[in-house]
Each structure stands twice: as structure tokens, then as C-alpha cells.
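Participant: Sequence:
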Amino acid sequence: MGTVSLPDTWTYALRLPHDPRAARVARMTVRAALSGHGRHEVLDTVELLTSELVANAYRHTHGPASLRLTALADGRLRVGVWDSHPRIPAPFGEPPWDRVPYVLAEAEQGRGLLLVQEYADSWGGLSVGDGGPLDRGAGKLLWFEIGER
1 MGTVSLPDTW TYALRLPHDP RAARVARMTV RAALSGHGRH EVLDTVELLT
51 SELVANAYRH THGPASLRLT ALADGRLRVG VWDSHPRIPA PFGEPPWDRV
101 PYVLAEAEQG RGLLLVQEYA DSWGGLSVGD GGPLDRGAGK LLWFEIGER
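If you use this note's numbering, the sequence shown corresponds to residues 1 to 149, in order.
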């Protein structure tokens, strides 16, 4: 009888309704997945950054969002959050919008994408078109990666 070796790569996907509790559900899902795979060293960072992207999706859209958490073969973790709004914000967009604007210390919001810029090893965004003749667009995907390359 041989030894069973678990795969180094895996993916979890979650569809999130437009609901103020979506960021909490995303945090709990990420925590459960990373804990289950023994990735405790990145758990807090991935949980925080995921929560920020999902909260922004709720705040800036009127539709559902989707979360995808992927472990890549080289040890990196990639998190992608899709939402229905087509605009790609800084730092995910192209210059001159590649840096998040300064946030005043007393501001109650506006730090989420700055956190992604500070703590993620890489990040990006892309528009998701519907491919139809009118190409009205189907939102955007924002992603970040944590871990060694």
C-alpha cells in the first residue's frame, strides 16, 4: 500500500450575495481553508486583504461578488475577488492611478486598498467583458498574491 500525497495546489471558490455580512463570510472561509491546509504563516494577512476587497465590492456595487482562493505550485497564494462594477481602482489600475491616494489619519474609511498595496507581494486587476456585440462588460476581477515566487 502506497502513501497518499495531498496536492500542492488547490482552489476554493465562493459566491457572495450583495450583503453587508459578505466580508465576514469571506474572512471565515479564508481562515477555514488556510487553517485546514496548514498555511498559518499567511492567514492573518490573507484574511485581512480578502476582507478589504470583498467589503469594497459590497460598498461600490449593487450586485453579487465572487471570491477565489488558490494555492499555486510554487507556494504562493492568490486571492481574486470579482464584482459587477467595471472600474478598476488604484493600485490595481494602470498609471497614473497606480498608487492609492493618501488617507487622513482621522478618516473612517479608505485604507483597504492601501493595505493591499503594503502587504501583498503582487496585485492586479482586469476588466471582464461579456464578449457580446455590445460588450457592456461584466465587471472586474481584482487579485493579490502572498508568498514566495
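Some clues are possibly wrong.
Stated by the list, open to error - Label-pair distances were calculated between CB atoms; the ranges are: (1) His-40 to His-62: 16 to 22 angstroms; (2) Thr-9 to Thr-61: 28 to 34 angstroms; (3) Ser-122 to Thr-61: 20 to 26 angstroms.
Quick caveat, the hints were computed from the structure, so don't treat them as lab data.
Computed from a prediction, not measured in an experiment: that's the story for all the values here.
Every residue, glycine too, gets a C-beta built ideally from N, C-alpha and C.
Participant: Does each hint hold? Answer for all of them.
Facilitator: A quick look at each hint next to the structure:
no., hint, in the structure
1, His-40 to His-62: 16 to 22 angstroms, "36 angstroms, violated"
2, Thr-9 to Thr-61: 28 to 34 angstroms, "30 angstroms, holds"
3, Ser-122 to Thr-61: 20 to 26 angstroms, "24 angstroms, holds"
In summary, the structure is inconsistent with hint 1 from the numbered list given earlier, while agreeing with all the others.
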